[in-house]
Each structure stands twice: as structure tokens, then as C-alpha cells.
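These protein sequence lines map, in sequence, to chains A, B, C and D.
Following my numbering, the numbering of the first sequence begins with 1 at its first residue and continues without gaps.
Following my numbering, the numbering of the second sequence begins with 322 at its first residue and continues without gaps.
Following my numbering, the numbering of the third sequence begins with 810 at its first residue and continues without gaps.
Following my numbering, the numbering of the fourth sequence begins with 941 at its first residue and continues without gaps.
Since the hints were made in silico from the structure, they are not lab data.
Just so you know, nobody snuck in bad clues.
Simulated crosslink set (BS3-like; lysine-lysine; CA at most 27 Å straight-line): (1) K1500/D <-> K212/A; (2) K840/C <-> K938/C; (3) K1132/D <-> K1149/D; (4) K127/A <-> K606/B; (5) K895/C <-> K727/B; (6) K219/A <-> K904/C; (7) K861/C <-> K1522/D; (8) K109/A <-> K727/B.
Reference listing, derived: stretches of chain A covered by chain D, where coverage requires no fewer than 3 residues with Cβ under 8 Å from a Cβ of chain D: (9) 198-208; (10) 212-221; (11) 241-249; (12) 264-272.
Quick reminder that beta carbons are idealized off the backbone N, C-alpha and C, glycines included.
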Amino acid sequence: MADKPKVAICWLGSCGGCDEAVVDINEAILDVAGATDIVLWPVAMDFKYHHIEAMEDGEIVLSIINGHVRNSEHEEVAKMLRKKSQLVLAFGACACFGGTPGMANFRTKEDIFNWVYRDAPTVVNPKSNYPQPKSQVSGKELTLPEFYEQVYALNQIIDVDYYLPGCPPPPDLIVNAVTAVLEGKLPPKGSTLAPNKALCDTCPRNKTKPDKIAIKEFKRIHEVEADPDTCFLAQGIICLGPAIRTGCGEACMNINLPCRGCFGPVEGVADSGAKFLSSLASIIDAESEEEVQRAIETVADAAGYAYRFSAPISTLIKKRV
Amino acid sequence: MAKQITINPITRLEGHGKIEIFLDDDGNVDDAYWQVVELRGFERFCIGRPAEEMPRITPNICGVCPTPHNMASTKALDDLYSVEPTPAAKLVRQLHYNAFIIEDHYIHFYFLSAPDFVVGPDAPPAERNILGVISKVGLDIGKQVIDIRKRNREIIKLIGSKPPHPEGGLPGGVPRGITEEEREWIKATADDTVEFAQFTLKLFKDVVLANKKYLDLVLSDAYNLKTYYMGLVDENNKVNLYEGKLRVIDPNGNEYALFDPRDYIDYIGEWVEPWTYVRLTYLRKLGWSGLIEGEGTSIYRVAPLARLNVSDGMATPLAQKEYEEMYNTLGGKPAHHTLAFHWARLIEALQCAEDLQRIANDPLLTSKDLRNMNLKLKQVGVGCVEAARGTLIHHYETDDRGIITKANLIVATQHNAAPICLSVKKAAMGFVKGPEVEEGLLNMVEMAFRAYDPCLACATHCLPGHMPLTVNLRDRSSGEVIRTLERS
Amino acid sequence: MSDFEPKLVCFSCNFGWGYLTGGNGLNSQIKNWIPVACSGKIDTTHILDAFKAGADGVLILGCPEGDCHFQDGNFEAKKRVYLLHKLLEDYGIEKDRLKIELSVDPEGKRITQVVKEMGESIGKLGPVKKI
Amino acid sequence: MWKTESIGSARVEDAVKQFLPPCQIRCPINEDIQRTNVLISLLPDDPDSAKEGIIQIGDYLYEKNPFFTVCGYICGLCENDCNYTTKGGAIKRRLLKRFLSDTFTPYLVQKKPLDVKKDKGKVAVIGAGPGGLMAAYELSKRGYTVTVFDSSNKLGGAARYIPKYRLPEQVMDAVVDNLVRIAGIDVKLGVKVGEGGLDLQQLRDDGYKAFFVATGTPYARPLTFGTAEVEGQELDGVMYGLTLLWEVNQGNIPADYYKGKKVIVIGGGNVAFDVARTARRLGGDVTIVCLEIMDKASKDAIPADEEELVGAREEGLTIITSRGVRGITKVDGKLKLDCPLCTSVFDERGFNPQIECADCIDLEGDVILPTIGQMTDRDFLQNEALLNEVGRLQADPLTLQSKVEDVFVGGDVRRIGFLADAMGEGVEAAESIDRYLSGIDLKRGRVKECEPYDAPYRRAYRDEPKHKWVPADRRINFDMFEEGFTLEEAIEEGRRCITCGPCISCKACVSVGIQDDLPVVEVNEDLCSGCRMCVYVCNYEAAQVKEVDGKIVSWTDDLKCKSCGMCVAACPSGARQLVGDKTEGRIKEIYAAL
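Next comes chain A alone, as it looks inside the complex (with noise of 0.2 Å):
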């Protein structure tokens, strides 16, 4: 046990999604388990905060950490991890660019405390109570982790080495990352371990995509039958493959719906909604302003489609001061 690598696998704001995808490399899971030592890894054992802090700076040779930062209690745990570790993995959508709650940085926090426990239609709250880091019960001390004002992605919080993307990651990726690391054979420090193209260069539907694409109204997935086999922007659906990074077999194309981007950026772009948005309006196919308006009143949701996995890392959304 001793000589082998010590890796450490660990969730912060995350849905526990990664963690299954963890297990369902199936077989697999018993080699990587085989050839490290899995020091932590609370969805599956003893979840010992202080033996981490009692291990050596850099004990641990590898910690994937996935989901986003979005309180006190992830901000420690991610802190802690990088202290002791060699390297750290950010591990799925929300490590990488803060996910689906990301978008949760288009509100408030006070605005998300006020609906879940004042305004929605079944709250009963006559104390107008509200969760507190630190509350008195009977004379009892509870406390709570503090609920930041944002969501962060974990290279916001901590410096990050490698970036495994996807909601979650595929097996086949998380075998290549792990089998990297132990084998030694890493890329440059910050790369992100999946191919670096957009995912339209891996669609089976690229090749029945025309030369020109224009769109002049665009339509929602429930508005229209989607043929199984065309491209969707070729049928006027909103699909961010153009701009999206590929290594997710290209799962909701299988199932016949468009991308939404869970492998963020593709390598060398940063924001991959602006750019997604900019090709967009591109491919408007307008006569006049007004066609141009309407087709443009037909994109149901900019920041939805472009920032559904990566608002945290959007160009607008400031990092933390």
C-alpha cells in the first residue's frame, strides 16, 4: 500500500454525478484502485478531514476534485487538498468552469435565500427564519458553512494542474487522465486532458452539414422533430458543438438533442459562450434589421445556451476580489 501512489478523490458543491461516472468505468475502477492507494474518497470511505491535514505538503501524488466552490466548507477542503497535494485535477463541469449551478451567477444570493425561504409557494415561515453560519437552539450552538455571494470554479479558488471536463466525464477520459498520471506521461501543466477541437469535428452529422449554414429563425427542441442523421443548426436548433469541445462521444447527439456544452472552451478560448454567441449572429440569415430582430427574438435564452456549464468562468462574471 505505502509505495503505491496516494490519490485522493473529493467533491466540493457537486451533485455526486462524477462520483458515479468514477464508478462506471466499472472493471476498471478495480485497477486504478489496485495500483494507488485511494486516501480519500468520501462517497466511497471513512472521510477524514484531520488525516488529511496530518499527511506531508504534496503526500498526495494526485487529488480529483470535482464540483464547484460555493461555500466556506468547499473553499477549506479545496485549499487543504492542494496543500498536500502534487496535483490537483479538476474534475467535470463544475471544477472546471463552475457547471449547471454556475448559472446560479446570474442572481443574488439574496435573491435565491428570499425564494427558498420566503417566497415559494410552500414555505411557511412566520419566524422569517433564514439558515445562519452560526444559530442558537435551546441554548444549543449550530453552525452552518457561510453561503457565498457566487459560484466559483475551482481554479477561482485554487491553482489547478489538469482539467478533466464533462457532466459528467466519460470513462473512457477518466481512464486515459488516471492512467497518464500514474504512467507519468502528463501534457503541460494546465491542459486539459481531452482532444482540443470543437465537437462538430467529431459528429457523425458534420458531414451532412451544407456549406452554408444560415439560420433565419431558430427553433427549441420542442418545437420541432428533430431528424436523427442532420445537423441540427442545419435545422435551425441550437447547438453550441461549434464552439464546444469534443470527448463526450457525443452522447446527447446519440440521443438525438443538441449540445449544451458541458466540455466548456475549446483549447485556446476562454469564453466560449461569447464566441459561440458571436458565430451565432453570424449565421443569422437577415434582409433587414427587423429579420434580423426577429430571428434574434427566437434565441429563447442567450445565457442559458451559451453559459449553461461556464458561467462562473464567462468573460463578465468578475472573479473573486
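Guided by the hints, dock chains B, C and D onto chain A, whose structure is given.
Just chains B, C and D now, with coordinates in the frame of chain A:
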């Protein structure tokens, strides 16, 4: 000098949870709280999103039980657009749903519950995990569990893309159907699953019921909690996880309410406490009773045992037999035995497996008629399913373009939040006497909430799989840790 | 708010604006002036980056409708601006902070005025609210 | 005001095989049409400040085409091939140049002579028409001492036949007079080579190393019927149209010369119409008779331009089509034309009229002006042994070299064409003579294949401006009847040009400093996913996709690319970059300072 025991972390529905046990000066349990320490505010940032995207967004609420969110959301869209899914589409959805419940229930049983019973509640924790289970009952069972999970997740993948984050589901239908060649291996999977389900029940009865010590534990008062119960039933009041009416029975088993999930607001209230991020649900018309059981309580429970308690039986023949046997053993309905959740869970899994079989053999399954395009937006939609962990409700309101303006979600574990607090307190009082807590006893406490499979399941579904647990004994006044007791 | 001095970034198409001035004269008069070969090459990223960098407004000056040297670059810019308006609202940034004007001003007679007016209207809005 | 540069990066590049705008390909002297259109569109709207720019543009055009001010009145060849023709009307290039001429013509006298050392030997040019003068100009620029001989007393050759209401005399005078001054060309007028013992051999003896024979077609072609010459062409009252045009331009014909006279012009070409409309301006009641028919679509269509037909009708001329002339007689003082029906003019063998003599009409008039074409001076060509065994003038079509190696021939004498065609041959001849005298292969690398560009895509194309003619009743005189562009109109029309051509053959933007140089679009194939966003946004079909081992990737056709950067803005994966574009840097600076 009072002490405080902290069990942290234990759970994750929207994140972590922890248990605080307070000891009075004599070292007896004074009070216990189960806290949910995280919030992500989905209800809020869903505003402005197009409704049809919700089945793709809400599964991110929980990656361990994403399918119910995806399904509740999809059904909310049916309601929002006042449309019925085509018969084929409905079959595909139910196929997806059964496959999910099956793999979820078995993972919970084998990885989380079985260690307690098969290996023993007070056995050394190093053995009290799936490996321990395997060494007791044989390796091939471990393999079978993995195999059944894998194959049922293949079905989810087919329909929902990524099992931890399924995205399929559209108002009035599904984006993708099933082909004849896919039907073949789905059939095979269904048959094997039914067999496996029966085997598992037999295993449970052999190791638990046959063992007086365990049976007593199941029936003991520490694990008994008298509350209301809620769950979906079909038109014959049989268990149905995909659709139906919500039925509520009182602690004595009488029907308290039977209502369309659309009316949930009239029946369900959510109480806010400053010490937890989760909202505690209760029966609104009865008013918030606080954390009490029995007479005068307004707290209800959901999830497998609740579903069986509120129904008049199972919807499939094999499961029905098991249903009858369970209540005979527990001494009639309703059963308040918290640990019986495990048993109920296995009976449900059998019903899902039988239903999987029915669907796999239905000629309609492979029909290409997957979308009912006759959409009429009515700007309000409620979708309700029985998630593995209990009733799940998605309620959306939109503008005239179908853009979400309001979203209210009641997540399974919320219903059980208050009961869990009570069960934990009760178990703690039953087993924790003084600061010198023994590890095995802590596990007894743990078993109390593990039975609910609170979406900590999210946390504990998995490999070696025993509960992490650290107990801090703190001086109440100074808060400083006097002694740390931990299991390993 | 009174002492608030709005920061305005101004892109202008060389084929329509100030090409007779050689730039020299205007450079001093217009702060944060970025002449470009065609308004159509202004990427959404450029615009969002401007706001991120602290701009309170972005003004794009293109050639008159139908007069683009590159056929329809000014129209491209318009499409982009209108789509961005939709996005900016989600960030709580008023759409008035991003304006596009299609006109022609070779001697740079009007450009300073246009910039001034936009500056004033942004002055009324105040600094960008952080979300 | 900008200053347009034509050196360094602002110099247009010339590729052996390249795309060009169709207008430039059509132009026999390959004028930089697109570049100068763009420059015009960038003129200030205030006339005084515009002057400077106009002269810069003029000076630039002058380098290639010292006749551009004249072309501005009479040449619209490029417009025939303009991509805009089908989209709303060709760009009015002729009027744009005429607009430049308004300012440039008066300026010509101040234009400095060429600063070249004339040390490359003597060359003689026979014929001071556009072809001859272009050759002389080109050769002078290259350092040759050129002497131009012309039998007439005026420079300009055939251009001197053009009526003043189409080409003002002072414009023509300014061009030719200043051309010889600026280029330092030695001129011998009234000297007919081939007469009085002066022949090419004599000139050789005088030290002339090479010759360009551009003697044009000085003689009018007599009327023929079948093979025979038509009777009665010697009759009093019958005069060749060509003669009339010459004499009128010389000022030898009084106004009202034809007042009250019935004039019949024979011929359907542009010259015939010049003659007819001139006669009309001399007070005559004019009828045109021709073999051809009005239907422009027919193989037998009347050759004169549509504008001529319209103009003539407006001015009250009568046009009688499908009639030949069999004979001219004089019956009690009136001339009588005997005109049989012509059923077909051209067939596979070319000009081969079929006459139906049964159907015949008589026309009566006081004056008959046959204008059916011109002829070369065959005796001269014969004597100089430039004709081949079948009696045809022989010259290599590419090098224009004749049977005699130091003699080159071009212009109408070789093949009758437009003014610009002759000029073009002058340029080619100069090139050949330069190569000949420098001992360089005459042919190598001279064949230029150029592919015309298609019109770029744009949402809306604009219609051409209406032509402005003085109303017929007020233009029966020798003043210009067509009005030119105002500055405002010129700028508008310049803007209308959709600049089909590639940047390297234009660079107007670089020349006035709108861009430092032409940035180049580069595609990083390691990043391009073949999503095709660039393809739609590109208005020039420069952004295209190709398949590379099964994967689709995009690429850019540099010759078609205008470096506008729209594809870069549209590329969602940052695979496209504008290399050499300073904008990005500028943006970073500014943002950093915010």
C-alpha cells in the same frame, strides 16, 4: 458539563449534511440535529431558462438520482403544454425509469444496507462493507450486482445519454426511441433482473428475518417512528412510481388525503429553520408541529416503506406476494419500523423488474411515434414522480413564450428531513449513553438515517462503502474538543 | 454619481470615419478610440472584454447601411450587437451601454460629438452594476 | 486629406496567374480600375479639398494610361464586363474618369516631364494615333528616343474623327500635346513615311533601330454591291462620312451646312451614327440606311451602340434597316438611292449579305454620306514588304512583330478595334521593341491568363445612376450633350463599386493608410472542427471547407480573401487568425489602460 457530538460529514442531497448530538451533563443524549449544510438555488437560476430545457438542467440537482428529476421535469412539461406522451414515448420513459430505480435500489441495498445485516451491525467496520458482504455470500453475487447495475445503466444511456446526467425528455414524448435489436438485449436484461430481484429478497429473508437478533432490531422501538406517510398510487391504489395520485395516511393507517399532485401546495408546507439549509416539509393543513412523532405530529414520511404503507398492494403479481408477507411479518399496516425501509425497497425493485419485463415485451415499444406535437402552452405545469427516496415534485410557471418565471421543487429527501432528525435523535437516545460512545453504537445511530437512504446515498452508494464517522466530544462552554472518537 | 466619469470604448470603421484626418487630430480628442478596418471584424469577445476591463459603455461606428467596403460587415456588427443586448440583460448590464451607429464622417466632424453624447447617456446610467 | 502612395506595400502586385476584377481584365491597358474607384469613393465631399486627391488619382492612372482623360469620354469597354451589370447596372467607370478629367485636364500643362535618361537608342513610330503615341510614351519611359511621324497635321489619328459633342477638342489637345511634352517625344507631322523617298530603310540609315507601324485606316471604304463598286459614288453631293467628320473637327465646315438638305447616311456602325448626328447638327434632315436590323439579339443586329440609337432617335433621325444600296443616280438635281431588301447579313462565313432584288425602294436626298468602314494604306505596307503571299499584313498576335524583324505593327492597321485596343497594342509593341533591342526573348512570360472574379455576395445591390443628357431640342450643336458627374455623384458611384478584385491588385486601403498592410487569414487545422461558420459569413467565397483524411476542415483562398476578418469573428474555436493585423494589439493596450 454538556458535550456535543458532531458527525460530519454524512450527507449530500444538495451537498453535505451533518449530525449534531448534544449530551446533557449526565452524558445522556439531550438533543440531536441532522443538518443539511448546502444549497445551490436551482429554483432561482432556472428562471429565464426555456421550460423545455429543464429536463436537461434539473438532473444536475443530484447525480445519483438524476433520472427522477429528469422524469419529474419532463412530466411537468407534459402538464405545462397540456399534452399526453404518445403510448410508445410513455413506454420508453417507464423503461428508463424502472431501469433507474432498479440499479439505484440494489446499489443501496448491497453497498449500504447489506453490510449492516449480512455482516452485522456491530461487526468491525473494516469488514462492514461490500467486500465483507461478498466474503459472506460469495463473490459471484458481487459480480452480479455490478452486472445488473451496468446493464440497467446501459438502458438509461440508450434513452437518457449519460446515466449520471440523463438529458432525454420532451413535452409529449421522448427525443429517441428503441430499435428492435435493442429490444432483444433489454428483454434479456429484464429477465435476469427479475430473477436477481427474487434472489435478493430470499437473501434478505434468510439473513435478516431468520436471525432473531436482527429481527428484534428491526422491530425495536429505537427504530420505530410514528408519522404520516405519503406516496403515489394508481387508480387501484396500487404502488406506482411513475404516475398517479398522491395518497396520505395517518399514523393509524387511515386515509388522510388523496389528491392530484397539481394540488400539492394545499397539502404540503415547507418549514424553515435557521440551523439547516433544507426546508422541512409537513402537512400544511395540520400546521407545523415541530419535531415530534405520534399524536399531534404533522410530519410525514416518504420513500419505499411509505409507498407501501399508503397503497393497497403492489401492481405486479410477484411483488404482491412479497408485500403480503412483509406486512404479515411486521404485524399489519402501517409499518412504522424505520429499518423496514430496506425490505420495502427490495419489494419495489421486484415490481420494477416485473414492469421492465412487461415493457420489454410490448410490441409498441419500438414504434417510431415518439412525439405528440399537439402542444398547448398553459403556463403552469406540475410534474410528480416517486423517486427512489420518495415523492419528487417539480412545479414550473412560464410566460407566454414558455420561459420559466417561477420554479418550485420539492425534493424527496426534504420530506424525510424532519423524520430523519427524529429517528437520529431516537436512535441516539436509544444507544448513546455518555461520552464513552462505542463505535458499533454510533453505527446504530447511523443506521437510523441510512434506512431512509437520504440522498447521502448519493454519498454512500459505492465501493468499500462504510459510513465515515467522526465524533467530537466538545466542552459545551468552550467548544474545545475533549476527545475524538472515530471509527476506522 | 456627480463626479462619475464614464469610460467609453469606441470602435470605428476606417472606411466611414475619419479617414481624411489621418487619425492624428482625433486620437487626442477621443479616449479609448479603436479604429478598425471593418466593424464586421469586431468580435463579441472584444466587446465583453471591454466591459470586463472596466468600460461603462461600448460604441461601434460603422459605415452607412449598404455602404460597407466589405459588402455587409456593418450589418454583421449589428447582428452581433443585437444578440449581445440579449445577453447583457442577463448580466444586468443595460443595453444602452452597447450602441452601434451606421453613418459616415470622413473629416471626423461628428465623431467627437457622437462619442460625447454616448458618454452623457452613460453618465446618467452610472457605473456598471456588478452582479 | 489623405495622400495615396503607390510604392512599397501600397504597390499593386502583379501575378502571372491571378484573379482580377473582370473590368481590369477587359481593359486593354489593364488600368487599376478597382483601386482608383475606391480612391474616388474616399474623396472629401468638399470640391476644393477633393482637388488634391483627384490629381493624385490622375497621376497614378497617368502612369499606365496617359489617355485616361480621353477614355473618360469615349471608352466604356470595362463596363461591358462589370459584375454589376446584372445586379443593377455596370459601374459608370467612363464617367468616373471623365469626372477626374474635369480637374486633371487643366492640370496637365503643369505636369512635370518624365525624368528619364534617353540612352537606349532611337525608335521610330509611324502614325500618331492612340496606338502610336502609347508606344512612344512607353518607349520613352524606358529610355528610348522616340520620333513619331504622321502624315496629318494633328496628333491623335483616328481619335480626331470623334465628334466634339462626344469628345471636347481641348481634352484631346491637352492629352496629346502634353503627352509628347511630358514623354519628350519628337514629333514629325505632315510627314508621310513611304513618300518622297522617306521609307523605313532611310530611317534605318538615320539610326532608327526599330519601328512601330501604327498607320491605322486612313481611307474610307467605298460602297460595294456584291463584288462590284456601286455606281455613282463620284457624283457631286456624295461624300464619305469619314471626310465629313475630319473636316468638321478641322473647323472647315460652316454651321447650317446642311440646312434644309435631305441627308442620307449609309452604314450602321458607330461611325455612321457619328456622321449622321453630325450632319443633323449641321441642320440636315438625316436618314440612316443600313443592312442590319434593330433587334440587338439577332445575329444581324445593327452594330452601333444602344446609346447611339437612342440618341439618334431623340434627335429626330430616321433609320431604315434591312436595305442595301445597289446604285446612286442623279435625277434633276436630286440624288436617288436604289435600295433592295437585305434578308440576311451574316452567316457562318461572316459578312455575306443576301439581297432580295425584287423588293426594292428608292430613297431621295441632297447629300449621301457612305460610312461603311475604313481601309489601310496598302501601298505603304506593300512597299515595306509587310504583306504575306495572300496579301495580308502579317504580324505575330502576341509580339506584333512583322515579317521584317525590326518592324512591329499594331492598332487599326492590324485589326480594326476600339481606341483602347490600339493603345493596348501600342503598349505591347513597346514591350516587344524593348525586348528586341535588349536581345531578350520576345515571348517568354508574356502570356497572362487572368480569371475574372465573380461579384461578392451582399444583401442589396444598388441601381446605376440615370444618364443625364441635354434634351434633344437643346443639343443640336457641338457642345457635349452628356453631363458628367458632380463630386458627390462620383463619390457615390465609387462607393457602388463592389471591389470584386483581389486585394493584392488593388491595395487602395493600404495606399491611403487605412490599413498598414494586408493582413492574412490563417487557419489552424489543429483547432478547426469544420463547423463551417466561416463559410457562410465570407462574402467572397474565400473561406471554404475541404476534407482531410475523413475530417472536414476549413481553409482560405488567399487570392479571394479581402482580410476583412469577418470569418475570424465568426470562428467559434479560435482557429482563424488575422496575421499582421495590428488591431488586436491596439485593443489590448487600450483595455489595459482602462
